[in-house]
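Line order of the protein sequences matches chains X and H. Just so we're aligned, residue 1 is where the first sequence starts under the numbering used here, counting upward by one. Just so we're aligned, residue 1001 is where the second sequence starts under the numbering used here, counting upward by one.
Don't read these hints as lab results, they were simulated from the structure. Errors might be hidden in some of the hints.
With a straight-line cut-off of 27 Å between C-alpha atoms, the simulated DSSO-like cross-links for lysine-lysine are [said to hold, decoys possible]:
(1) K1185(H) <-> K80(X)
(2) K1062(H) <-> K32(X)
(3) K1111(H) <-> K1062(H)
(4) K49(X) <-> K1161(H)
(5) K80(X) <-> K1126(H)
(6) K1128(H) <-> K94(X)
(7) K1197(H) <-> K1185(H)
(8) K1172(H) <-> K1199(H)
(9) K1216(H) <-> K73(X)
(10) K1181(H) <-> K49(X)
(11) K73(X) <-> K1162(H)
(12) K1105(H) <-> K1128(H)
(13) K1055(H) <-> K1126(H)
(14) K94(X) <-> K1197(H)
(15) K49(X) <-> K1197(H)
(16) K110(X) <-> K80(X)
(17) K1055(H) <-> K110(X)
(18) K1239(H) <-> K110(X)
(19) K73(X) <-> K94(X)
(20) K1162(H) <-> K1105(H)
(21) K1184(H) <-> K94(X)
(22) K1199(H) <-> K73(X)
(23) K1062(H) <-> K1126(H)
(24) K49(X) <-> K1105(H)
(25) K1184(H) <-> K73(X)
(26) K1197(H) <-> K73(X)
(27) K1161(H) <-> K1055(H)
(28) K1062(H) <-> K105(X)
(29) K1162(H) <-> K1184(H)
(30) K1184(H) <-> K80(X)
(31) K49(X) <-> K1185(H)
(32) K73(X) <-> K1172(H)
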Amino acid sequence: MRTKLTIALLTFSFFKLIGQTTNCQDKFLNCKEIVIQAFVDNDTNFTSKLNNQLVQMQLCDPSLTGRFTIWYKNFVANYKTEINNELQNLQNEKEMISIQTNNVKAESNKNLSNQIIQTFR
Amino acid sequence: MKTFLLIILISLNSFLSYSQMADYYTTGYHIQTYDSFLEGFSNYNETCYKSNSMKILLNSNKMRIEANDMDQINQNVGEIGSNFTMDILILEDLPLDSGALFHKKISGTLKNNQLNSVNSMMKSLKFKGRLYGHKFSYEDFVTDKSLNGDVFFKIEYENGKKENYQIHISQKTEQQIESDKMTKKMQEDMVEIQNQKNKQVQEQNRIRQEEERLFKAQRAAQNIQDTNNMINQLRSILK
């Protein structure tokens, strides 16, 4: 009986340890999810929810804070780069259309001028 | 042996249960800044310490200040990176000074945990002094009516050294303070990104306007071309 109890406790403790690690990892993932969702939805009311999760994560495993900070820095840097690239592409596209418009206008003005000259000759 | 193993496992189990409970447990009061001297205390402004990792614990008429990674100008208590603990006993309430919310006579001991031979004389120093409250009520703080505030006190060590202290304390834990900083940064990033997104929308509107201009220009060009063709045809008929 005692052996069985020992084995049961050992198993329980083992799974509890594993469970704790998973628990911390879950908190890390929750924080990531909240941030991504907030940025996608542009939801500025995410702070209280995230604060709570960050504190829980830090208490669970302080080393995860560093990992989270690194992840966030990369995430926000990539997000900003992506947004800036999109903006640059849009500006380029607008510039291209503007050039095309000016070319069309210049060409048609030239045609019109030629016709007027021919007509009055 | 089995009994011994059983006891160890039960202890481990209890520890794990405690660890989980500790997720929701915060310890007392944390000092955020420690950076200036009270005006008018010019007799004592010889020393200035800065630390971002200090902790203050209030319990009845006792206050304990623990400082780690101390960064100090004018070395006095210990070396940079040393730890010190200051146990303050509040002896009695004194008549209020002007502007003070509380005014108490204190005594206590300053202990340095990492001392070398140069400042070993500071290893354990008893002091007497006064505690002043200027921005919050001590009673409100210990009864959680107030979440943060400043503690001001001046002390005189038994070796004659005098010091002033101004400490900002908060009931927020270090984790909360750190997460607040992080979320604040995130909000700033979010605003920046939103500005860029707004610029994208403006740019898309400009593209739409430019496309309309292009369409009109192409239509005008086509009209001119059609007119040209018609004139050319008329000209050939008239010839």
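Given hint K1105(H) paired with K49(X) - CA-CA distance at most 27 Å: 43 Å, violated
27 Å Cα cutoff - pair K1105(H), K1128(H): 8 Å, holds
K49(X) paired with K1197(H) [C-alpha distance capped at 27 Å]: Holds, at about 24 Å.
K1172(H) paired with K1199(H) [C-alpha distance capped at 27 Å]: 38 Å, violated
Proposed proximity, K1161(H) with K49(X) (alpha carbon, max 27 Å): 48 Å, violated
Given hint K105(X) paired with K1062(H) - CA-CA distance at most 27 Å: The given pair, whose Cα atoms are some 85 Å apart, is violated under the 27 Å limit.
Restraint check for K1185(H) with K80(X), where alpha carbons must lie at most 27 Å apart: Between K1185(H) and K80(X) the Cα gap is close to 14 Å, so the pair holds against 27 Å.
Agreement of K80(X) and K1126(H) with the hint, judged by alpha carbon distance not exceeding 27 Å: 56 Å, violated
Given hint K94(X) paired with K1128(H) - CA-CA distance at most 27 Å: The hint is violated at about 74 Å.
27 Å Cα cutoff - pair K1184(H), K80(X): 17 Å, holds
Given pair status - K1172(H), K73(X), alpha carbons within 27 Å: Holds. K73(X) to K1172(H) sits at ~25 Å (cutoff 27 Å).
Agreement of K1184(H) and K94(X) with the hint, judged by alpha carbon distance not exceeding 27 Å: Distance ~35 Å between K1184(H) and K94(X) Cα, so the pair is violated.
The structure does not agree with the numbered hints 2, 4, 5, 6, 8, 9, 11, 16, 17, 19, 21, 24, 28, 29 stated previously, though it agrees with the rest.
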